[in-house]
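Colleague: In case you want the letters, here they are:
2 protein chains.
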Amino acid sequence: MKLSRLGEFGLIDRIRRKVSVGRGVRLGIGDDAAWVDHPQGSSLITADLLIEGIHFDLRWTSLADLGDKSLAVSLSDIAAMGGVPAYAMLSLGIPANFDSKQLDELYRGINGLAKKHGVTVVGGDTNVADSLLISVCVIGHPPSKPICRSGAHVGDDIYVTGTLGDAALGLALLRRKRLRQSSAMAQLLRRHHRPTPRLAAAALLARRNLPSAMIDISDGLIQDLGHICQASHVGATIQQDKLPLSNAYRALAGKTGMLCALSGGEDYELLFCAAPRQRKQIEKLNRLAGVAISRIGVCMAVGNGVRVVDANGATISVTASGHDHFKIL
Amino acid sequence: MKLSRLGEFGLIDRIRRKVSVGRGVRLGIGDDAAWVDHPQGSSLITADLLIEGIHFDLRWTSLADLGDKSLAVSLSDIAAMGGVPAYAMLSLGIPANFDSKQLDELYRGINGLAKKHGVTVVGGDTNVADSLLISVCVIGHPPSKPICRSGAHVGDDIYVTGTLGDAALGLALLRRKRLRQSSAMAQLLRRHHRPTPRLAAAALLARRNLPSAMIDISDGLIQDLGHICQASHVGATIQQDKLPLSNAYRALAGKTGMLCALSGGEDYELLFCAAPRQRKQIEKLNRLAGVAISRIGVCMAVGNGVRVVDANGATISVTASGHDHFKIL
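The listed protein sequences derive, respectively, from chains A and B.
When you read off a place in the first sequence, starting at 1, and then add 98, the result is the number in the numbering used here.
When you read off a place in the second sequence, starting at 1, and then add 98, the result is the number in the numbering used here.
Extracted from the complex, chain A is given alone in its bound form (with noise of 0.2 Å):
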């Protein structure tokens, strides 16, 4: 079967029951990091491979802005598991024309995030190849008890922190060369090229052990809604009309409407399911974790699928189902 037919998701399945799980691993392939047992203690650890002409466009992303978010998607992963990075393996394939000053500047963006969240790149593999490639590996501490995406309970609240839709419509913008000089487009431009990682809200939710499944959404809410109540078992629906969406998404989405906000890929937000009995708890932290935390939706029984619906209650229905980095093929 042709990769293309089988998908992303398709494969990674597929690789999950080739794959033979050995001792100490406690959480192995299909979350957004794995976690795995030491001797004495535990780590997180997830890897995410960026490639030119796939991942990034060096036409419109400066390279010091590509190395902030070829780490800032691996530190996502790590924030959606309520952990706390500490290490990066940083591993590259450099096109033979480079030199060594766009190196630096590569170097730059990564060095600039990993101080910022007292993270130390221990190593990696230094290699030519004919496009840029981004491998990056990271290596955290776990909270108490990892969030997972197996947790969600029907009934439960569905959260989201911050704006959503804002990285996909700076993308689309680009794309369509569709750039104007204002705040809001800066304002989304920079969304896209420097998501940032939700570390701080995610190690408070997790030490109040407050969310009962979490994800990062890195390929649209609605598919990584999907991620969870799949692993959950259960179903979603989430009103529309209470997506959060920031002033700049407002102003310059025009027809593309709610497209991004729900299918858009990379707003890199946190997206987590709680018990209703925690909303106090989870309204008070808006103040605490230096970003918005949003009610959108609720779960359901697996049989409802995931839905998005408007004020009225009625089904709305969305076509783009996100990314998927087979089926685009």
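Hints listed in this document are in silico derivations from the structure and should not be mistaken for laboratory results.
Nothing here was measured: the structure is a model prediction, and the numbers come from that model.
Glycine included, every Cβ here is placed at the ideal spot set by N, Cα and C.
You may find that some hints are simply not true.
Unchecked claim - Which stretches of chain A does chain B cover? Using the computed rule of at least three CB atoms under 8 Å from a CB of chain B, they are:
#1 110-116
#2 144-158
#3 234-247
Starting from the structure of chain A, add chain B where the hints point.
Modeller: Below, chain B without anything else, positioned relative to chain A:
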């Protein structure tokens, strides 16, 4: 400065100077693996990135062999620290025309070696790419005192496991299309396609705290010995007539002579130094380790550099200096 002028090791040195070292890092960039603290205990971490057309050629490499080797090179790095590998993260860039059977073949190789050494693949990333990319990060448990490159002293003996140059000679014959149906040829090719990470020997050496410094030979004996010498501030003299050669190598080296044994890459044998008082203990290990251990030279004062001498003590000039992923451009 163009990276081809800077060279791989100039580049690694530049990266090391740019990266700020945070808490918990016992050993960062510049050894076979990093050594990092957890709230309890510590881990070894290593990463390798294999790129089609640079590190492997699918015209003469089966996907099962490639899967095995992709993991083996990182396991060899953990061996070089005296550690026990435990977990692997595996990120793949997969060409669009790949099918799921090909992927199964790749995983057959990966899983076979993983199972043999009690390693679990706990996660990674999958993406479409123009050519096959394999990024591996392995996390392992350190011995009570990991063996670094930096501990060798003047007067220490120098040892290698196994035989040298087989993989490089096998690859050279493949490239020159000088293939013959012979068991010697098959043996060299097997050494190229399926290197053996010397985990058992490394664990025995580490448990007895015998080596003062250790590295795995991935870039060729002379170059990797140079890494030990540089990190330990010593020189080294190697006796060419003491280099362990396989019968297959002797049968097929021809005009290549000792070049592959001295400078060929991808042996993935252990190269280590030990004080002369340890000789008897190391000789005893020869039987336990499941692989021959040969004494090939001695550490000298740093001004000596890395020299190769013949049986009469006359210096032999070695032209090729091993593998550099950027200098080859």
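Colleague: Each hint needs a verdict: does it hold in this structure or not?
Modeller: Evaluated hints:
1. 110-116: holds (count 4)
2. 144-158: The restraint on the region 144-158 of chain A holds, since 8 of its residues have a Cβ under 8 Å from chain B and three suffice.
3. 234-247: It holds, with 3 qualifying residues against the three required.
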